[in-house]
Amino acid sequence: KAGVTQTPRYLIKTRGQQVTLSCSPISGHRSVSWYQQTPGQGLQFLFEYFSETQRNKGNFPGRFSGRQFSNSRSEMNVSTLELGDSALYLCASSPEGLAPDTQYFGPGTRLTVL
Amino acid sequence: GDSVTQMEGPVTLSEEACLTINCTYTATGYPSLFWYVQYPGEGLQLLLKATKADDKGSNKGFEATYRKETTSFHLEKGSVQVSDSAVYFCALLTGRRALTFGSGTRLQVQP
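The listed protein sequences correspond, in order, to chains V and B.
Residue numbers are given in my numbering: position 87 of the first sequence equals residue 87, and the series is strictly consecutive.
Residue numbers are given in my numbering: position 13 of the second sequence equals residue 1013, and the series is strictly consecutive.
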């Protein structure tokens, strides 16, 4: 099976712009989660989607949003970019249904905000 | 809230040395525990996992045992290789479905 894919791999934006990142989960996986990785804060949970519904959300401002499509692909959007949004954004998919299950990560999208 | 504490790095070892990376956790309920590895410029790869007390996860010569009494999940390997150089993350997963990660431990193996 193909792994989790994320596009684009690298992105450069300027402050105030918005950005959309895409994630395709492993075939058959229904849950998609997003994480932010920075040198200062480490790995932090953004949100998780299952069956096109956000099930859980981390402690991030409303500028960070996401959605999931009927084929389980997911996108996350960051509006009004700030310098501090520069990070590696990781998507993970999980086969789970009712119970939490192992999450498998993609290669990430590295966002640089200038 | 949930939390994971890992030993500070970097850990520098010679090839064929023994490795232990300590990990302890705080969680409500009964979490699943994981070790992920991150190579430069890449995402996280699942190394091993354990879902209940006394389970031992193992993969590629690495092992970790879920110790409920000490709330620990230490990563061990008997003989490291240069190719094991990477950052290792301990993580837990509860019913909230959000992984909580430790700060990561960088391992450098010298030939």
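These aren't lab readings, by the way, just hints derived from the structure by calculation.
Each residue gets a CB set at the ideal place from its N, CA and C atoms; glycine is no exception.
Hints may contain errors.
Computed footprint of chain V on chain B; a stretch qualifies when at least three of its residues, placed anywhere within it, have a C-beta under 8 Å from a C-beta of chain V [said to hold, decoys possible]:
1) 1032 to 1038
2) 1062 to 1068
3) 1093 to 1099
Evaluation of the provided hints:
With a threshold of 8 Å between beta carbons, the proposed coverage of the segment 1032 to 1038 of chain B by chain V holds, since 3 of its residues qualify and at least three are required. With 0 residues carrying a beta carbon less than 8 Å from a beta carbon of chain V, the segment 1062 to 1068 of chain B misses the three-residue requirement, and the given coverage is violated. Proximity of the segment 1093 to 1099 of chain B to chain V, defined as three or more residues with a beta carbon under 8 Å from a beta carbon of that chain, is established by the 7 residues found.
Of the numbered hints listed earlier, the single one contradicted by the structure is hint 2.
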